[in-house]
Amino acid sequence: MGKTFVVFKREYLERVRSRWFLVATFLGPVFMAAIIVLPTLLAARTKSSSNVANVIVLDATGTDLGARVAKALAALSPTSPPPRVSAVAPDQLPAAEDRATHTVMQRGAEGYLVLDSTTLSGKGAEYAGRNATSLVDISSLTATVRKSVLDMRLENAGMNPDTVAALTGVKLDLKTDKITDKGRQAGGGMSSVVFGYIIAFLLYTMIALYGQNMLRGVLEEKTTRVAEVVVSSVKPDQLLAGKIFGIGAVALTQVFVWVVCAAALFAFGVQAANAFGGPQVAAAGIHMPTVSPLVGVALLLFFVLGFMLYTSLFAAVGAMVSNQEDVQQAQWPVMMPLIAAIIFLAPVIANPASTMSKVVSWIPFTSPIIMPLRMSLITVPWPELAATLAGLALACWGAIWVSARIYRVGLLMYGKRPSLDELLKWIRMA
Amino acid sequence: MSDNAIEVRHVVKRYDDYLAVNDFSLDVPRGAVYGLLGPNGAGKTTTIRMVLDVIEPDEGTIAVLGQPVRGTSVLDRVGYLPEERGLYKKMQVRRVLRFLAELKGVDTRTADARIDQWLERFELRTAERDWGLAKVDELSRGMQQKVQFIATLLHDPDLVILDEPFSGLDPINAQALKDAVLDLRQRGKTVIFSTHMMDNAERICDSVCIIARGRKVLDGRVTDVKAEHGIHNVALALDGDGRGVVLPVLEDRSLVARFDDQNQYFEIELAPGANPQELLQRVVRGGAALSRFELIQPSLHQIFLDRVGAQGVEPGMSGHG
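In order, the protein sequence lines correspond to chains B and U. Taking the working numbering, the leading residue of the first sequence gets -9, the next gets one more, and so forth. Taking the working numbering, the leading residue of the second sequence gets 456, the next gets one more, and so forth.
Derived from the structure by calculation, the hints contain no laboratory data. Heads up, some of the hints might be wrong.
[What the hints assert, rightly or not] Ranges of calculated distance between the beta carbons of each label pair, as one might list FRET restraints: (1) Gly597/U x Leu3/B: 25 to 33 Å; (2) Gly521/U x Leu410/B: 51 to 59 Å; (3) Arg206/B x Gly560/U: 33 to 41 Å; (4) Leu3/B x Gly643/U: 54 to 62 Å; (5) Glu593/U x Thr345/B: 57 to 65 Å; (6) Ile368/B x Asp471/U: 47 to 55 Å; (7) Gly643/U x Val13/B: 50 to 58 Å; (8) Asp471/U x Gln319/B: 18 to 26 Å; (9) Ala380/B x Asp471/U: 33 to 41 Å; (10) His465/U x Val13/B: 24 to 32 Å; (11) Gly560/U x Trp372/B: 55 to 63 Å; (12) Leu3/B x Gly560/U: 18 to 26 Å.
Please read all numbers here as calculations on a predicted model, not as lab measurements. Just so you know, even glycine gets a beta-carbon here, dropped at the ideal spot from N, CA and C.
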């Protein structure tokens, strides 16, 4: 145990002291803040773009609908050039559209809107423009035309324009809460998806990054031949154990710093929100998700076991190869299940209760990433959780057993990358 | 307690169908400077790795300093300088040394004090610059070799194993290494060399074991080994151009069993019962001018050729290192 600790100490201290670690650990929260702030900014961006009013309105209705639409659009985007309305006879419409197209092509306007008899009957209107693919712009155009038609109809029916404005001015936000087996959860459905996604992606990133880090460390010991001296002082199994624990401790340190930063960020964020008019921030959907201790322990176990499973395998890959060129190919079998887990993120988010989602969350190679995601989306029954953890622990033990054997033999072997046959021989031989 | 620093008994190591070490036994007396000699691929490194419990023998037993290597901490008293050398490149020299010392069970404070002493002894810590604070890859190759050597000796081992220690060493470091070896011997430590450079070994070692193709060829004290092989050898050096005279005489199988032709110098093994005086007379009578004619003990290289035959010599082996 003493020598394992010496190895642990070196692996931990050398990494924690490195510039890479400092940058990743302290820029991580900045990145994280960006991830959290970005949705808020995007939410703010759900106003239409400033170009939405810079359009030509071809009014073939023979009414004042074009002027109404133009007025509403100008109000929507006061900074852009106001809409230009031209009244067109229905039979002149094709020619007018050609001219408008020409104007848009020469950037005289963003697009043109055609209002005709079908618009008056409430069926449709036409729009062509550079921003035709912008969902936000199109939906505000649609809403504006729809409201103008409605206003006009109401006024034609004899209603006072002020009454019409008061009655149709409805702004509505849909506040969403999630209901699980435990009841209604404050914070809304979206935030648990975001939380689950962040957790899953964080787990993937940590495992992949530190797995690579382990691989490079082992390969460095091989290529610099320092392994030769080290294994004359410490058994390869102790060396491998010290490395896995050391690198694991580095990852946990990093996660700990991040969690503390995130908690501080949220606490500070809430304070700031209260100081500068909290309702807007609260409405933007920022909530620190509450994590029960049991879920916390389960998350930690998935992280630790998944981490050990993959880092030990990456160590074996590092011991198998003798040079950087062989790494890409040799690590492929280990990277594949990790990448598979990422590919399954979206389908699992879409339907976390499906059979496929369940199966993917049970398989030990994807469970460390998919199960925490499912846990944050739906309530996973605890026997299922326990069984998955047990399966993962078993796979972890198996991976370490196989890796230790490959590591023991591979560490002092140089030259060609071993074939599968040779690898099996190594495992038997050790 | 055994008087031997190393006792290897009937050890066998196979790799698939290849017999790397075949029924090999070895006694290395305590306090000796011992040479493990043989061509590349003879099984020297495999043997050393088994002694260090890096690999396990298929058969046989190994004891170091009177204790079995497996399941004891005896290897903490052994220092090892591998043939393929290297250190953690991005690590500070001092931290590398401390790490390797701690792996041998030396506590941090003791390690730090010894690191200071060694760095000063090898002039890696001077008034101007403390290289101990630099990263390994900032050091020159020669300096890295010194650091590696310090790492081997930092835990004050009772047994030091040096695998091809002179390969790649510059002359200054080679001399420093020889001095350190003699120093160790004086302090009663045991030193084992493995090398294919027999000349080097002949000058430093008290005892040797010659190994070829995984088998022991011979072992014993260097003086005994030479005496056993008797004085049948003649060193002959030409003064000027006399090859045309000398070569026909050397081809006479009744007089000369074999010879090592080095152009101006010949190491000659006489045929059984042949008289060296007759050789001298025939050469001189032929008119060759000699700068040297001497009855000599056979070199280890000669003895090796004698016992293993030229087919045991693989490319890379040399008597002159």
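Structure-based check of all given hints:
no., hint, result
1, Gly597/U x Leu3/B: 25 to 33 Å, "holds, 28 Å"
2, Gly521/U x Leu410/B: 51 to 59 Å, "violated, 44 Å"
3, Arg206/B x Gly560/U: 33 to 41 Å, "violated, 29 Å"
4, Leu3/B x Gly643/U: 54 to 62 Å, "violated, 36 Å"
5, Glu593/U x Thr345/B: 57 to 65 Å, "holds, 58 Å"
6, Ile368/B x Asp471/U: 47 to 55 Å, "holds, 54 Å"
7, Gly643/U x Val13/B: 50 to 58 Å, "holds, 52 Å"
8, Asp471/U x Gln319/B: 18 to 26 Å, "holds, 25 Å"
9, Ala380/B x Asp471/U: 33 to 41 Å, "holds, 39 Å"
10, His465/U x Val13/B: 24 to 32 Å, "violated, 57 Å"
11, Gly560/U x Trp372/B: 55 to 63 Å, "violated, 46 Å"
12, Leu3/B x Gly560/U: 18 to 26 Å, "holds, 19 Å"
Hint compliance for this structure: hints 2, 3, 4, 10 and 11 are broken, all remaining hints hold.
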